[in-house]
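Student: So you can see what is in the structure, the chains are spelled out below.
There are 2 protein chains.
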Amino acid sequence: MVSQPTEVPATQALDDVFHALADPTRRAMLRSLASGERNIGELAAPFRMSFPAASKHVRVLERAGLVRRRIEGRSHVLRIEPAPLAAANEWLRFYEGFWTDRLDVLDALLRAEDAAGTKPANGGEET
Amino acid sequence: MVSQPTEVPATQALDDVFHALADPTRRAMLRSLASGERNIGELAAPFRMSFPAASKHVRVLERAGLVRRRIEGRSHVLRIEPAPLAAANEWLRFYEGFWTDRLDVLDALLRAEDAAGTKPANGGEET
DNA sequence: CAGTCGCAAAACCATTCGGTTGACAATTCG
DNA sequence: CGAATTGTCAACCGAATGGTTTTGCGACTG
Chain A
1126 MVSQPTEVPA TQALDDVFHA LADPTRRAML RSLASGERNI GELAAPFRMS
1176 FPAASKHVRV LERAGLVRRR IEGRSHVLRI EPAPLAAANE WLRFYEGFWT
1226 DRLDVLDALL RAEDAAGTKP ANGGEET
Chain B
1126 MVSQPTEVPA TQALDDVFHA LADPTRRAML RSLASGERNI GELAAPFRMS
1176 FPAASKHVRV LERAGLVRRR IEGRSHVLRI EPAPLAAANE WLRFYEGFWT
1226 DRLDVLDALL RAEDAAGTKP ANGGEET
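Protein chains in written order, with my numbering: chain A, 1126 to 1252; chain B, 1126 to 1252.
Read the hints as simulated data drawn from the structure, not as lab findings.
Some hints here could point you the wrong way.
Said to hold, decoys possible - Covered, in the sense of this in silico footprint (three residues per stretch, anywhere, with C-beta under 8 Å from a C-beta of chain A), are these stretches of chain B:
1) 1143–1154
2) 1173–1185
3) 1215–1221
Bear in mind that the values here come from a model prediction, so they are computed numbers and not experimental data.
Positions of the beta carbon are idealized from the N, C-alpha and C atoms, including for glycine.
Taking the hints into account, I'd like the entire structure generated from these sequences.
Tutor: Laid out in C-alpha cells, this is it:
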C-alpha cells in the first residue's frame, strides 16, 4: 500500500537549519558572529581551509536564514540572524519534558558523547 | 592527519545529533517515539520508502544516541533517548539572549520559514 | 519441519557535501 | 591607470547520504 506521503510536513526550513548546525565549522562561525559582525575574510580566518570553502559554509548558513549578508563596498558583512535558532529551539522544546523528567543534563551530555562512537580518551572538554 | 584544527572543539556528538535532526523522516520518527516504544516496522510504516531505507534512518538516530535499541525476539524495539536532545538544547541556549532580545519568537518562526528557500524580499528590520 | 515474519547486510546507484584550484569581477588605493 | 583587496563562480574531486533491490538469518507459527 502506497498511501500518501503521510508524514513529513514539508519542514524544509528546519531541515536547512539543522543541517547548517551539523557542521563544526559553521557552528564556530556562528559563535564568532555572536560577538558582532564579521566579513567573510574575518569569518574564514580561524580555519585552515581555503577561502572559497569558507565562503560556501557562509552560504549554507545564509540559506538556512542563520546569517544575513550586507554588501559594503567590496566587503560582505555578515550578521547573525537568531530567528531560525529560535525555531530549532522551539522544535526541541517539544521534548523538554523527556530529559527533565528522566535524566539530569550532565549525565545526558556524557551519554551523548559516548553514544557517538568517538573514543573519549581525553578528559571532558566542557565543564 | 587532523593536525590541531585551530578551532572546532571536537564536538562530534553535536555533529551527529544535528545531522540526525536535519532529516524530516528522522524527526518524524522521533515524534513517533515520543509516544512510546516502537519496533522498526512500526517506525517505518508511515513512510513510503523501503524498509531498509527506514532501517538506515534508525541507525543514524542510533549513532547520534537519540534512540536505544532493545532486541526482543525477532523484533527490535526502539526507545527515545533524550540526552542528546538536551545537549543540542544546551548548545542553542547560548544564543537565547539573541532572539529574546531582538525578536519575539512568533515572528522568529515566520521568518525562519520564509528565509528557507526563498530569497529574502528584505522587509527591512532594524534594532 | 516448512513457512512466514522482522530485520540486517551487501551491492549498487544518483545526488549531495566539503574541499580544492583557477579564473574573474568589483572595489579601493597608490 | 595599474595593482592590491575582497570575494564569487565554475570545474573538478573523493567521500558520504539516501535510496533501491537482493540475499540471508534468526525467531516465531502452523
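Student: Taking the hints in turn, state whether each one holds.
Tutor: Hint check:
Counting residues of the segment 1143–1154 of chain B whose C-beta sits closer than 8 Å to any C-beta of chain A gives 9, which meets the bar of three, so the coverage hint holds. Remark: the segment 1173–1185 of chain B is not confirmed as covered by chain A, as 1 of its residues place a Cβ nearer than 8 Å to a Cβ of that chain, below the required three. A stretch counts as covered by a chain when three or more of its residues have a beta carbon under 8 Å from one of that chain; for the segment 1215–1221 of chain B and chain A the count is 7, and the coverage holds.
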